[in-house]
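Asker: Sequence:
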Amino acid sequence: MLEPSIIKDQEVEYLINDVYEMYGYDFSGYSRASFKRRVNRICLLDRLTSFAELRYIIMNDPEYLKRFIEEVTVNVTEMFRDPPFFKALREKVLPQLGTYPLIRIWIAGSSTGEEAYSIAILLKEAGLYDKSLIYGTDLNPAVLETARAGVFPLHQMKLYSENYMLSGGIRDFSDYYTANYDSVKFDKSLQEKLILSTHNLVSDSSFNSFQLIICRNVLIYFDRELQERVFRLFDNSLENLGFLALGAKETLRFSTIEKNYHQAEDQKIWKKLDHH
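Each residue of the sequence shown is one higher than the one before, counting from 0 in numbering that gives the first Met the number 0.
Simulated from the structure, these hints should not be mistaken for laboratory data. Incorrect hints may have been included.
For lysine-lysine, the following DSBU-like pairs were computed, each having C-alpha atoms within a straight-line distance of at most 30 angstroms [what the hints assert, rightly or not]:
#	residue 1	residue 2
1	Lys270	Lys258
2	Lys271	Lys130
3	Lys187	Lys86
4	Lys157	Lys123
5	Lys86	Lys192
6	Lys267	Lys248
7	Lys267	Lys130
8	Lys123	Lys271
9	Lys7	Lys123
10	Lys123	Lys258
11	Lys157	Lys184
12	Lys7	Lys35
13	Lys248	Lys35
14	Lys192	Lys157
15	Lys192	Lys123
16	Lys86	Lys270
17	Lys248	Lys7
The whole structure should be built from the sequences, with the hints applied where relevant.
Answerer: Rendered as structure tokens:
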């Protein structure tokens, strides 16, 4: 069944403008189709029957805005999602990063933290964890709280464990967490090198230099112009010979920074050329 469309195209523009004017969140570069789909979903979930009703709540209730941001930016993820990607990181990228005295990794759009914990496990198994820092950033503070807690549903563990094994995992995945009724808590040691903070890819600037930047399945929601802006941000934040990893449907091809990069492997991983 097709979901009824509550929001019209012109109303989407009004809404983007309102949210920017009142709260400073800029969704103008988001793909309209996916933004509209998500806004319609919010209206259905919250039983809002008109655009006017949604607009009124957003304008008058800053608490509701949190929910709105959460729903519009939510990035559904899983641990070791797309195992061949993690296998390539494990076998091809980490050995090169291992030559640095300190490894800085930025996971942009880190959502609820599954990817950050996956990277922490990879680093531990490669013997590189103690000299690494993992920066996980997201626009949405609520998902960062979930990441900080390190608590995930028990029923996900079968899938995560399979992904982990397929990515070349060398231990029993359950070594990394403690189960408790219907949830699991990941080992505190996996958080020691994890720095979580809000960062808006649309409006914030570079905050460090990194040897690996991972931004998977975030850019598909952005239009070309905004993607280009984010690529420039990543390029400014990535050291020469560093790696940039994108999602399965994302590419550096046709971007202005492409000429500075060489695609490594058959995965969506690019290495920045040494052009000094």
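Asker: For every hint, state whether the structure bears it out.
Answerer: These are the hints, each one checked on the structure:
At roughly 11 angstroms between alpha-carbon atoms, Lys270 and Lys258 fall within 30 angstroms of each other, so this suggested pair holds. The suggested pairing of Lys271 with Lys130 holds, with an alpha-carbon distance near 22 angstroms, which does not exceed 30 angstroms. A threshold of 30 angstroms between alpha carbons decides the hint, and for Lys187 with Lys86 the separation of about 24 angstroms falls inside it, so the pair holds. Taken as a hint, the Lys157 and Lys123 pair is honoured in the structure, with Cα atoms around 21 angstroms apart against an allowance of 30 angstroms.
This hinted pair checks out: Lys86 and Lys192 have alpha carbons roughly 21 angstroms apart, not beyond 30 angstroms. For the given pair, Lys267 sits about 9 angstroms from Lys248 by alpha-carbon distance, which is consistent with the 30 angstroms threshold. Proximity of Lys267 to Lys130 is assessed by CA-CA distance (about 25 angstroms); at most 30 angstroms being required, the pair is judged to hold. The hinted pair formed by Lys123 and Lys271 meets the criterion: a straight-line CA distance of about 25 angstroms does not exceed 30 angstroms.
For the suggested pair Lys7 and Lys123, the alpha carbons sit about 49 angstroms apart, so the restraint of at most 30 angstroms is broken. Only pairs whose Cα atoms come within 30 angstroms are accepted, and Lys123 paired with Lys258 is rejected, the gap being roughly 33 angstroms. Taking the CA atoms of Lys157 and Lys184, the gap is about 15 angstroms. The hint holds against a cut of 30 angstroms. This hinted pair checks out: Lys7 and Lys35 have alpha carbons roughly 8 angstroms apart, not beyond 30 angstroms.
A hinted pair counts as satisfied when its Cα atoms are at most 30 angstroms apart, and Lys248 with Lys35 qualifies at roughly 20 angstroms. Restraint check for Lys192 and Lys157: the C-alpha separation of about 26 angstroms stays at or below 30 angstroms, so the hint holds. Proximity of Lys192 to Lys123 is assessed by CA-CA distance (about 11 angstroms); at most 30 angstroms being required, the pair is judged to hold. Taking the CA atoms of Lys86 and Lys270, the gap is about 16 angstroms. The hint holds against a cut of 30 angstroms.
Restraint check: the Cα-Cα separation between Lys248 and Lys7 comes to about 27 angstroms, which is no more than 30 angstroms; the hinted pair holds.
Checked against the numbered hints above, the structure breaks hints 9 and 10 and satisfies the rest.
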